[in-house]
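K.L.:
Here is what each chain is made of, one letter per residue.
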Amino acid sequence: MAMTIQQRDYATPQRRDYDTVVVGGGLLGASIAWGLARGGERVALLDEGDTAIRASRANFALVWVQSKGLGMPEYAGWTIRSSDAWAGFAAEVTDVTGLDVAFERTGGFSLCLSEREVEHRAQTLKRLHNQPGIVDYDAKMMERSEIERMLPAIGPEVVGGSFCPLDGHVNSLRLLRALHTGLAKLGAHYLPDHRVDAIAQRAGGFALMTGAGEVRAAKVVLAAGNANMTLAPMVGLKAPMRPERGQIIVTERLQPFLKHPVVTVRQTDEGTVMIGDSKEEGITPEGTNMGIAAVEADRALRMFPVLKTVNVVRTWTGVRVMTQDGFPIYDQSETHPGAFVACCHSGVTLAANHALTIAPMIAKGALDLDIVGAFSAKRF
Amino acid sequence: MSAVTSLDDHYDVAVIGAGPAGLAAATVTATAGLSTVVLDDNPAPGGQVWRAVTTTPVQDRRVLGDDYWKGQEIVQAFQASGAKHALGAAVWSLSREREIGVSFGGGARMLEARRVVIASGALERPFPIPGWTLPGVMSVGGAQTLLKASGLVPGGRVVLAGAGPLLWLFAHQMLQAGGQIHAILDTSDRAGWRAALKHAMPFVTSPYLVKGLKLMAGVRRRVRLLTGVTSLAAGGRNKVEAVIFRQGSEGGQRMAADMLLLHQGVVPNVNLAMAAGVEHHWDAQQLCFVPVLDTFGGTGIEGVAIAGDGAGIAGAEAAVERGRLAGIAAVRALKGDTGKLPDETASRKVLAKYDGARAFLDTLYRPSRGFRIPAGDTIVCRCEEVTAQQVIDNVRIGCTGPNQLKSFLRCGMGPCQGRMCGLTVTELIAETRGVTPAEIGYYRLRPPVKPIALAELASMPKTESDVTAVVRI
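Protein sequence lines correspond, in order, to chains A and B. Note that my numbering gives residue 222 to position 240 of the first sequence, counting from 1, and the numbers run on in steps of one. Position in the second sequence (from 1) plus 1 gives the number in my numbering.
Bear in mind the hints are in silico, worked out from the structure with no lab data behind them. What you are looking at is a predicted structure, and each value in this text was computed from that prediction instead of being measured. Every residue gets a Cβ at the ideal spot worked out from N, C-alpha and C, and that includes glycine.
What the simulated footprint calls covered on chain A by chain B, stretch by stretch (three residues with Cβ under 8 Å from a Cβ of chain B suffice, anywhere in the stretch; the number is not a length):
1) 25 to 36
2) 159 to 168
3) 288 to 295
Please build the complete structure, drawing on both the sequences and the hints.
P.N.:
What follows is the structure, encoded as C-alpha cells:
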C-alpha cells in the first residue's frame, strides 16, 4: 500500500504531548511503539543520533528457543510464546510496510566440534528439561549422521549437536527498517537526536527533558537498553545491567548452502554469512579483537569447510543488553504510575511478544502479572 | 633489492602505500638507519600515479610523459635506501596501538611498528549518473591503470566525460598511445572559471599552469570537445550504447558510444585512517573528508602520520614532500636529529608553491551539485544496489545519518566498504535534511578495510582468553 511520507523537520517534533513516549529506538522500543501505534495510541519514539551504540544494529538475528530458560523456566515459556507468534507478526509487518523481513522457522542447530562439547551440550539440555515448571520444547541431541542429512555442508570435525524445530531467523536490519517505516505510516513520531537527560512526574503524566527540548506524555516506557540502568531510577524503577561485548564477522554473498541456522553461523536471505558469537565483559563497542575474530573464523571453517576461500567483508563489535541475571525485566512503577521499564537481550526473538503482548498491556496501563510477573526487577 | 618474502614482527617504521608519499617517507627513515617496511598490495612500486613505472610495457616515454617517468628517480632512491618492500601486501587493519593486520604471501598476520605512515593516496570521487553501472562505463582512473600496467588502450567509440586534471592527462596519454577519443564532454561549471580567477595569481606562478595548458591545448586540437555539460546519463540495454546529455539549458542530445569513461576529480582514501580512529573533518573546498593533521602529517593517534593525497588532495609532487616531512618527524621522534635528514625548509617551500595553486584547481574543477547528488532511480550504492530515492525515503522516516542508513538499507556494507558511495550518501542525506555534510559525518568504518579470506583470518594467532570468549564450556 502506497503512502506518501511527508518531509520532516528533525529540530522540532510535530507535537509535544503524547499518550505514550517510548525511550529507545532499537528493536525493543520500536516493537513496543509499533504495538501501541497499532492500537491507536499517539506515540513518540525517542532515540539518540546516528552514532549511538545500538545492539539492534549489531545483533545476530536469530529467533531462537533452544537453551533459553536455564535458571528461569518462565523465560522458556515466554520465548516459545514469541517464537509461536513470530509468523503472524512478520505477516503484519509486511502488510503494513510492504517489506519482507525474511522470517523463517526452519529449526536450528548448535554444533559441537568435540566429544567434550557434545557432553556439555547434552548436560545443558538435560538440566533445562529437568527444571520444574518448564514447557517442553523438543530440543534434542543429534548424532553426526543425522545432522549431515539436514546440513550436508558440515565438515569432518563436527561430532554432533542439538536441534530444535522451533528455532529460526529473520533479517533483523530489515526488521528495524520495517518497524520504523511502519511507525511513520501508523502516525507515530520518531524523534532522533532526543537523548533523555531527566524525567519528571507532572500532573497527568511525565515530562522528558532531552537535548532537543521537552516531550510530554501520559505514560513512559523505558526501552533504552543498558541506559535503562540510569533512566529507571528517575521513575522509581530499577534495571540492574551487566553489559557484554560480542563480535561478529560477515562474509561476501554466496549461493545458498545452509538451510538451517546454526547458533554461531547463519546465511542471510541476501546470501552473506554471519559468524558469531563471542562474549567478553565490556561496555564499549570500540575496537575489534582480532584474536577473538580468528577463533570464530576457525570454528566456522571447521563446521563448514566450504567457507575457506570466502572473503570477510566486515567485522564488528556490539554491546549486548544484558540484565544482571541474563533474563528480561518488564516492570511498572509503584511510585510513578504510568512508567514502565523493559530490558532484554533477545530483542529479535521477543519482538513479537513486545508488539503483540507487552504493548497492549501498556496501553491498558498495567502489566498482566499472570503473564509477565516473573520478570519484575523485584527479583534482584 | 628491497623486496622481501617474509615479514618481521616489529619494525621501527611501517609505511602503508608505495606511491610518491610512501616511497619518500620510507627513503628518509631507512636512510637514517631505522628499520623500515613498506606495505603495498600492488605488484610493483609507484602507487597510482607512477603505477608500474619499473615494469610497464609502455616504453615510448612520450606516451605516459615526463611526470610519470620522474617516478623512476624516487623509486631508485627508495630501492637504495635499505627500506624493505613487501609487494602484494594488503593492509586490512590498523589499531591505535599501531598493530597492523596484513595479508602477505597467502597468509594473514599482525605486525607492530613504533611509527606508522599511512600513504594510501586518493580514490576517484563517485560519479553517480543514470546508467553508471552498465558494462562499458568505467572510471578514467580505471582505464589509466590498464594503460600503465598492461599497455591496454580502449577501442571503439570512446567518450570521456567529466572534469579535472586527470581526465585531460589521460586523454593526452591515450592519444599518445595511438588511441582514438570520440568526444570529451566537459562537465566543469562555466561559473567555475570566474570563481577560480580570484585564486589565479598563485596558480600562474605554479608549476601546474604551463604543463596543464599545453596538455589541454594538445588534446583539444585532436578531439571534439563539448563544454558546459549539465546532465549526463549512460544508455543501453546490456552495455553502454549511447551517452545522453545536455549542454547548458539546451535540449537533450544523444551520442552513440561503445565506452564511457567518467571522472570528476579525486578525494582522499580515508578508509584505513578512519577505521583506526583518526579524526577527520569535512573540507568544504574539496568537498570531501580529510584527516586532522599537524604540519608533519601527524594524527591525533600517537605515532601515526598520514602523507600524500590521503592527507588532502595536492598531487604527486606535493605528496613526495609530505612523505619526506612525515619521514623526518619519525626519525626525530625515534633517533633525534641525526644529521642524515633531508632539508625540511626545502620541502616546505615546494609545498607552499603547490598549495597556493590548489585553490584555483579546486574551484575550477569543483564538481557541480547535479553530478554529486543524484536523484530518483540512480544507483548510489553499487554493491547493494541502493537508489537515491531509497536513501531520501529512509531519511524521511528518521535516518539521521549514514550509520543508521547502513542498518536500514545495507548502503555501504558491501565489499567496497563505502568507497564508491560514502561521499554521495553523506551529501545526499545533508541535502535532504537541510544541514551541512560536516554535521552528517561519514560511515563508521570497521576492519577489515580490505576483504580477506576467512581461512586467513582463522589462521591468525589466538590467546587462551580469545578461545574462552567463544567456546564457553
